[in-house]
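Here the protein sequences come in this chain order: V and U. All the letters of the first sequence, read from the start, carry residue numbers 1 to 317 under the working numbering. All the letters of the second sequence, read from the start, carry residue numbers 1001 to 1292 under the working numbering.
Just so you know, the hints here were simulated from the structure itself, not pulled from any lab data. Built from N, CA and C at the ideal position, the CB exists for glycine as well. Hints may contain errors.
[Claimed, not checked] Just so you have them, the derived chain U footprint on chain V, three or more residues with Cβ under 8 Å:
| # | stretch |
| --- | --- |
| 1 | 89–99 |
| 2 | 117–123 |
| 3 | 128–137 |
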Amino acid sequence: MASVLSVKAPAAAAAGAAPGRRRRRTAWRAAGFVVPAWIYVLCFYVYPLVSNVKMGFQNYSISSFYTGSAPFVGFANYTALFRDPQFVSIVTNTVLFTLGSLAFQFALGLALALFFRRVFPLNGVLRSLLLVPWLLPLVVSGTVWRWMMDYDSGVINQTLLHLHLISQPIPWLVSTNTSLVAVILVNIWVGIPFNLVILYGGLQSLPEQVFEAAAIDGANAWQRFTRITLPMLRPVILVVLTLGLIYTIKAFDIIMLVTQGGPANSSQTLTTYAYNLSFNQLLFGQGAAVGNILILVAIVFAAIYLRAVRDSGGDRR
Amino acid sequence: MSTVIRQAAMSSTGSRPGRPSKRARAALGTCAGIVIVLVMLFPLYWMLDASFMRPQDLVSLTPTWFPVHGTLAGYRSVFSSQGGHLVVSLVVSLGTVVVTLVIAAPAAYGMAKLRAPGRRALLFALLVAQMIPGIVLANSFYIVANSLGLINSPVALVLADSTLAVPFATLILHSFLRGVPDELGEAAAIDGASRLRTFVSVILPVARNAVITAGLFSFLFAWADFLFAVTLTSQDNHAPVTVGIYRFIGANVTQWSSVMATGVIASIPAALLLVIAQRYVAVGIGSAATKD
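If we strip away everything but chain V, and leave its shape as in the complex, we get (with noise of 0.2 Å):
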């Protein structure tokens, strides 16, 4: 700022103007450039969030389409929700599919990040084409991983029953105690790219020195892998398991497409409840109450990332 002043000073006093009304006027025309940001930002998150939360306490179902009014009614959404028997195993069902997903994207996020460490020929272009689930449509994944699990005619079962590491093929998508392994180890697939990138972004910012100080003074690879690297890869590990947590509570369409929530709500998560209630029960406001809780658990991980960023950040400029 300064030096665009000093710039432009002397064609300001040419102009016979005060400095302190162009700089006013300059902060009001460049206030033209994230005007139109603002509004979007107001109409298309503030906004829908707001009126979520509302709906969450509104009688908001097909009638209100026609009537154009939902009555409020207090809590009745949430206790409505908490008394059914079945929304117990759809919390459940999150936390094992968040907890599972993430720890496995992590842990072989990681396992790969340090493989690639290592320096040998083409190691970029294999890195890049590990990015490939990642970029793939999630519709486009999850159905290639429905026709894979296919009880009969699934490549996976199929090879199992082969090498007879199995002697019937596993019910993947049509049994209740399977179905929400299949849909964890499908977003596993879907999920170890992005710790691969981030988690090796992160190692290759470590200095070099320290492992080499650490090597010299007798440290074995293990030693060198909990005390130094770990410790080190803290703020970036921090940011890549909440980042995750917020992607993998909100994942909708790997369940969508590989399960549906089935059988029996077997594989259902609060994302793909909120969904089913809202749209094909059409109970609004009861989804909306879904969306809330969802809403909750996302201020909790947002607040941890953001603090994570700010550490992490600190460190980097």
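Dock chain U against the given chain V, drawing on the hints supplied.
Frame of chain V; chain U shown alone:
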């Protein structure tokens, strides 16, 4: 990130001969890397393989590892049954790119170079906006679109899909423009160009690569969207290809070759993106996590 990749590439090609053990280790690394990639990308190969299969191969009890009796029947049925969906997806995705860039590019410039008031608050709002569960937005969008008569309208879908892209595009453009020297805009200002003119004829051309990247990602986000597509379209002929696939497998579980052929075609934009903007993809994934 790109410099990191370049460094890695240089140090790998620049390894001098004469250390056979090191070279053997490097070769082993490449082999292991190839195996990892093959395992991770197997589902894609399997999609391609199945898209060429005949119906009898699809239901056989032994896997058909290679499409030796390949047929294009699957692809022919795609263009008859999914052609309309692909057109809708294309229109909606292009519309999303336009809306996103119109909102994001000026905002990024205003924040990065003009020090617009409230820029920190706006950056923060966009960062948080990315975390709002899509189902929450879909709930409200449906009710608004319904009252405005916009269900099944590509306009509603473009606006809804843009919520996936605007924060990302703004953040990526903002971080690029911060690296553009101030003198560029100042020189234009001295020459008497207005701010708008400076933005359009000086800044945007300089930021071309970042604009292209933001546009490509916006296209991809809209192209891949399923949640807004499935909630904001009720008539089949107005649905994008993601919903087309979803309803198709709901209705005909056995026609896997057509489903997979549709999947292959729906993956083309992603493949193109990886080829055209490979360098930026890693940056794109990382930027969400590291930008404040």
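Within 8 Å of chain U (C-beta), three or more residues of the stretch 117–123 of chain V: Coverage by chain U holds for the stretch 117–123 of chain V (6 residues, Cβ < 8 Å).
Counting residues of the stretch 89–99 of chain V whose CB is closer than 8 Å to a CB in chain U, do you get three or more? violated (count 0)
8 Å C-beta criterion, at least three residues: is the stretch 128–137 of chain V covered by chain U: Contact hint for the stretch 128–137 of chain V vs chain U: holds, 10 residues under 8 Å.
Checked against the numbered hints above, the structure violates only hint 1.
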